[in-house]
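Chemist: So the chains spell out like this:
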Amino acid sequence: MNPNSEIYNLRVNGKTHEIRDSWVGESLLFVLRERLNLPGTKGACEQGECGSCTVIMDGQAVCSCLVMAATAIESEIQTVENLSDGDSLTDVQDAFVTEGGVQCGFCTPGLVVAIEHLLSQNPDPSEIEIKEAISGNICRCTGYGRIFEAVDKAVSVRKAKTA
Amino acid sequence: MSSAIQTSTRRDVLGTSALRPDGAAKVQGRFEFSSDLHAENMLWGATLRSPHPYARIINIDLSAAYKITGVEAIITADDVPGKKTYGLISSDQPVFAQDFVRYVGEPIAAVAADHPETCRRALAAIKVEYEVLTPLTDAELAIQPTTPPIHPDGNVIRRQQIITGDQNLHGEIVVEGTYEIGMQDQAFLGLEAALALPDSGGKGIEMFVATQWLHEDQKQIAACLDLPCEKVRLTLGGVGGAFGAREDISLQVHCALLALRTSRPIKMQYSREESFYGHVHRHPAKIFIRHHATRTGEIQRIEAKLVFDGGAYASTSSAVLINGVTHIQGPYRCPNASVDGYAVRTNNPPCGAMRGFGVVQACYAHESQMDKLAVACGLSPVEIRLRNAMVTGDKLITGQVVESVAPVARCIRETDAIALPTPLAKTAHPLELVGGSGLTSLPHNIVRGVGWGVSIKNLMYSETFDDFATARCQLKDGVATLKYATVEVGQGFVVLAPQIARSVLGVDEVVLDTVDTGIGSAGSTSASRQTWMSGGAVDGACRLVRQRLFEHVGKKYNIDPLRLVIEDTDVVDMIGDFRISVVEASTGVLIDETFEHHHRPTEELDEMGQGNCHVAFAFVAHRAVVDVDVELGLVKVIQIATAQDVGRVLNPIAALGQIEGGIAQGLGLAVMEEIVLDNGKMRNPSFTDYLLPTALDAPSVVAVMIEEPEPQAPLGAKGIGEPPCISVTPAIAAAIRNATGKELPRVPVRPQDICF
Chain A
1 MNPNSEIYNL RVNGKTHEIR DSWVGESLLF VLRERLNLPG TKGACEQGEC GSCTVIMDGQ
61 AVCSCLVMAA TAIESEIQTV ENLSDGDSLT DVQDAFVTEG GVQCGFCTPG LVVAIEHLLS
121 QNPDPSEIEI KEAISGNICR CTGYGRIFEA VDKAVSVRKA KTA
Chain B
1001 MSSAIQTSTR RDVLGTSALR PDGAAKVQGR FEFSSDLHAE NMLWGATLRS PHPYARIINI
1061 DLSAAYKITG VEAIITADDV PGKKTYGLIS SDQPVFAQDF VRYVGEPIAA VAADHPETCR
1121 RALAAIKVEY EVLTPLTDAE LAIQPTTPPI HPDGNVIRRQ QIITGDQNLH GEIVVEGTYE
1181 IGMQDQAFLG LEAALALPDS GGKGIEMFVA TQWLHEDQKQ IAACLDLPCE KVRLTLGGVG
1241 GAFGAREDIS LQVHCALLAL RTSRPIKMQY SREESFYGHV HRHPAKIFIR HHATRTGEIQ
1301 RIEAKLVFDG GAYASTSSAV LINGVTHIQG PYRCPNASVD GYAVRTNNPP CGAMRGFGVV
1361 QACYAHESQM DKLAVACGLS PVEIRLRNAM VTGDKLITGQ VVESVAPVAR CIRETDAIAL
1421 PTPLAKTAHP LELVGGSGLT SLPHNIVRGV GWGVSIKNLM YSETFDDFAT ARCQLKDGVA
1481 TLKYATVEVG QGFVVLAPQI ARSVLGVDEV VLDTVDTGIG SAGSTSASRQ TWMSGGAVDG
1541 ACRLVRQRLF EHVGKKYNID PLRLVIEDTD VVDMIGDFRI SVVEASTGVL IDETFEHHHR
1601 PTEELDEMGQ GNCHVAFAFV AHRAVVDVDV ELGLVKVIQI ATAQDVGRVL NPIAALGQIE
1661 GGIAQGLGLA VMEEIVLDNG KMRNPSFTDY LLPTALDAPS VVAVMIEEPE PQAPLGAKGI
1721 GEPPCISVTP AIAAAIRNAT GKELPRVPVR PQDICF
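Those protein sequences? They're chains A and B, same order as listed. Quick note: my numbering has the first sequence finishing at residue 163, numbered continuously throughout. Quick note: my numbering has the second sequence finishing at residue 1756, numbered continuously throughout.
Just so you know, the hints here were simulated from the structure itself, not pulled from any lab data. Just so you know, these numbers come straight off a predicted model, no measurement behind them. Idealized CB from N, CA, C, for every residue including glycine. Take the hints with a grain of salt, since some may be wrong.
[Said to hold, decoys possible] Derived list of chain A stretches under chain B, where covered just means 3 residues or more per stretch with a C-beta under 8 Å from a C-beta of chain B:
hint, segment
1, 45-54
2, 78-86
3, 106-117
4, 133-147
[Unchecked claim] Label-pair distances were calculated between CB atoms; the ranges are:
hint, chain 1, residue 1, chain 2, residue 2, range
5, A, 120, B, 1178, 37 to 47 Å
6, B, 1589, A, 86, 29 to 39 Å
7, A, 129, B, 1741, 28 to 38 Å
8, B, 1132, A, 58, 18 to 28 Å
9, B, 1600, A, 86, 40 to 50 Å
10, B, 1200, A, 124, 52 to 62 Å
11, B, 1466, A, 124, 39 to 49 Å
12, B, 1089, A, 58, 22 to 32 Å
13, B, 1420, A, 157, 31 to 41 Å
14, B, 1393, A, 85, 53 to 63 Å
15, B, 1584, A, 85, 54 to 64 Å
16, B, 1201, A, 86, 36 to 46 Å
[Claimed, not checked] So the derived list for chain A, only partly shown, Cβ under 10 Å to chain B, looks like this:
hint, residue
17, 19
18, 26
19, 94
20, 156
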């Protein structure tokens, strides 16, 4: 289907991608997942309520389901795939695995991106700041307890590194 | 799309917090969920659904939809080659509505097209002419014999009474109440999704799907497609949570039919709104109970009437009802009972399995009653529960003797011993007050309350159902390969299975083969059953392999195999000093064994509700502490203290994750989660309007795991998935009552229930 197709470029994870034969109404989430082979970003509500689709756009954590892809042409976009690859995990990712922050894992990429973003802005967040920062990311499996543990661990690992 | 997983963390045996082998892929976004799958030349599928709760279909006109460029196929009831209906217990739900639609969201047609947007336009172009009928939306009205049936099978899906003991006993103390439980949604994050590929030259189907039970899906799909089961091959697509909502067929048959029709791969994926329409929910229920007790608080008799609204189709309603009526006494002794339960059909959305399965509703009612009884007898909530707590050997109202370990009193005492949280500080950060970032609450309006809930939950399937599990273990060169069809929905079987293999076989490396229908059934990932059932199957297969390994070593080194044991990673002679590593012992040989684990048989309930219908039971206690803004009706759950009867802890971090996660879902039902219906129509099928607990709603959870190994259970461990979400709901409701003095006979408790 391409009744209104446009050609445009998106900057994702440091690379320029040409988007062809697309419908102009596609969300950034759809384009990342279905056209750029970046399925790490998940969709679960289409309304910006659950945070599963969190990406970094020009330094801000945004819900990619609420961004029309064709409006993101001037932006630098970073997805979960940009954080690490292979066996190397970031401290946040590692803490999610070791502290039991992962169950079904569907919310996990969005949470990891949101927490990486939080810690880049605020390396020593208080408990309430952490809760506030991830309150837009719904997890249905964990009840958040192990996720809080994971954030605490990542913070302390980062502190130990910089000490 | 093969999903074999290598796991090689050294010595992650049972009892350790072994890490999930799928963890790294999940944190990196590399784990393939069913919605992430693609195939060459793939089309998208989508479903047309009824806008009416009850209507006669007069005509379906597909002509305009077919004219849209990119539309490849449209199918309706006429295109179903096999059985036109499906269903878990009774096959009463149409693949596509043919004559009537019976709920809002009932599938009518499915489209295959080149883009999801093309699908949406095609669905909008299908013209369906209806004669709109008056829906039946009142479950109690559905019971009346004078109410016209909305389905050929009638409006009463099942009635079950439990009549035992003295039917006329009148206690010195009598308390009663009518309690209501709203319709809860499982709200798993990973939406329904599947990829179907035509197979066997168009005479079969290969499907990757997020489900809870591959073999049950296979059976139902094959019947609708009129294909033998072996021509319907299912592989598990990554599952983003389930909680009961994936036990029933949703898009599987539609997706397969479109693939066969177009001879092309079809991907189907629901939106969140469609997901609310596309899966069953927790039954809303209305429960009346009257307790008769002595002046000192011993329960003598219960009278109860339970009505579960099953919605338009049966799904598992009859089994949910049985759980409701057989658990209505709670974890308390009760010699006499007069119980009457109904599961009925209405034009509301279909209801079926959700974590807790009928017991959630019963528990809210019996625990609300226990607090009333405590007040009437002048006892504390803890004393009344301890006074009546059942023990192993007690007889249930069904006549079944509780053979399970039953540490009910211990659960209560250990929960009671957990320190209460510090009082709300005068200097508390405004975000920590009830109302949170709304900054609405004035500290002098905030009242703290404490409440209790205790529950009993059956484990595995009941009433003669043989929900066995199958596993295969191969050992070669020190590597164990496990094959099973056990669905991983997030619960952690993926980490438990290799722990079992390491413990039994002394191996370090365990490979998990693809989860598919290429082996016998594992049963469903539900009913708190996979650790017991599939855990038992993996344990059994590994033990058979170990026996063969000992025979092999015994023969080679001339030692009686009965003298051999596994010690760490070695095969060791218990009596002599022979020792050889498992790697060396298994080099050059292939040992391959398959094991089926069956639990003990159960019975059906008779007309009087008597029979050994359940396999085993688990118990838990919850104590909730809440802050309530009594003026605005807002609630913040501060702390949940819990002691849970787990049998044996096999993986502490995974067990804690189940407990904390279940508590959050029970909290949701207590104070925020409800599908609101208006004459059969859902008013809030979205995450904007259906509220789920966020990180800011998460209470502090203090959990004690009570380890008294269960002799019946293969690993000594009871299922732990459901109990956490059951009694936490009444505990929170009781805490709000304690803070407000209101009766609060209904959950979720809404602001208007508190402040008006």
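Chemist: Hints first: check each against the structure and report whether it holds.
Modeler: Comparing the hints with the structure gives:
| no. | hint | verdict |
| --- | --- | --- |
| 1 | 45-54 | holds (count 6) |
| 2 | 78-86 | holds (count 6) |
| 3 | 106-117 | holds (count 5) |
| 4 | 133-147 | holds (count 14) |
| 5 | A:120 to B:1178: 37 to 47 Å | violated, 54 Å |
| 6 | B:1589 to A:86: 29 to 39 Å | holds, 34 Å |
| 7 | A:129 to B:1741: 28 to 38 Å | holds, 36 Å |
| 8 | B:1132 to A:58: 18 to 28 Å | violated, 50 Å |
| 9 | B:1600 to A:86: 40 to 50 Å | holds, 48 Å |
| 10 | B:1200 to A:124: 52 to 62 Å | holds, 60 Å |
| 11 | B:1466 to A:124: 39 to 49 Å | violated, 56 Å |
| 12 | B:1089 to A:58: 22 to 32 Å | violated, 53 Å |
| 13 | B:1420 to A:157: 31 to 41 Å | holds, 33 Å |
| 14 | B:1393 to A:85: 53 to 63 Å | holds, 58 Å |
| 15 | B:1584 to A:85: 54 to 64 Å | violated, 36 Å |
| 16 | B:1201 to A:86: 36 to 46 Å | holds, 40 Å |
| 17 | 19 | violated, 14 Å |
| 18 | 26 | holds, 8 Å |
| 19 | 94 | holds, 8 Å |
| 20 | 156 | violated, 18 Å |
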